[in-house]
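K.L.:
So you can see what is in the structure, the chains are spelled out below.
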Amino acid sequence: NAGVTQTPKFRVLKTGQSMTLLCAQDMNHEYMYWYRQDPGMGLRLIHYSVGEGTTAKGEVPDGYNVSRLKKQNFLLGLESAAPSQTSVYFCANSAGPSYEQYFGPGTRLTVT
Amino acid sequence: TQLLEQSPQFLSIQEGENLTVYCNSSSVFSSLQWYRQEPGEGPVLLVTVVTGGEVKKLKRLTFQFGDARKDSSLHITAAQPGDTGLYLCAGRGTASKLTFGTGTRLQVTL
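Chains as they are written, first to last, in this note's numbering: chain U, 1 to 112; chain C, 113 to 222.
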């Protein structure tokens, strides 16, 4: 079992370009999350989903969109990338809101 | 917004030393989790503490939840190079959302 996987692992974008990060799980968990991790700031929640077809805003949602068309996939989109979005992005899932979160390996994104 | 401050931010010690990492907030949390993250990987859960004053031990690691459920500490006895990593606390507050701390980067050298 792969658990939580993320693609791509690395990406470099120019300002204004768009891209989609894919998160896939084989754990059949209802809840999925997208975080960004920046030095000295821990992990900050961007968006999350409590089930197929649902999404909700987290702490830092501006500049990002998400979709959860299938239970096993959670997509994070950047419509017009900005240098402030340079970060490491982590996807996670959990069986419920109070359960352990399982994280993917991360995507390192650089916007120049 | 519930904030979690961790201290120290960085810690470099030699093998065999003891250390304590602190996680503090002005907010009350229903539970608190500790994660460890190694370079190039996502965080992995170490422990969850739920009750005020609760102490949990995981081999050489001792976790304590403050009586008022606003703070927590992680104590490592006789640190080993394998303990090297980024330690993150995460508090579960309103709406069952997790708020992550700022992180403590630990390096243990031989």
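Read the hints as simulated data drawn from the structure, not as lab findings. Just to be clear, a hint being listed does not mean it is correct.
Said to hold, decoys possible - What the simulated footprint calls covered on chain U by chain C, stretch by stretch (three residues with Cβ under 8 angstroms from a Cβ of chain C suffice, anywhere in the stretch; the number is not a length): (1) 66-76; (2) 88-98.
To be verified - Derived pair list, reagent style DSS-like, types lysine-lysine, alpha-carbon separation capped at 25 angstroms: (3) C:K168 - C:K209; (4) U:K57 - U:K9; (5) C:K182 - C:K168; (6) U:K71 - U:K9; (7) U:K71 - C:K209; (8) U:K70 - C:K209; (9) U:K57 - U:K71; (10) C:K171 - C:K209; (11) U:K57 - C:K171.
What the hints assert, rightly or not - Pulled from the structure, derived: some chain U residues nowhere near chain C, Cβ distances all over 10 angstroms: (12) V4; (13) Q17; (14) D26; (15) L45; (16) S49; (17) P61; (18) Q101; (19) L109.
Even for Gly, the Cβ is constructed at its ideal location relative to N, Cα and C.
K.L.:
Hint by hint, which ones does the structure fall short of?
P.N.:
1, 10, 11, 12, 15, 18
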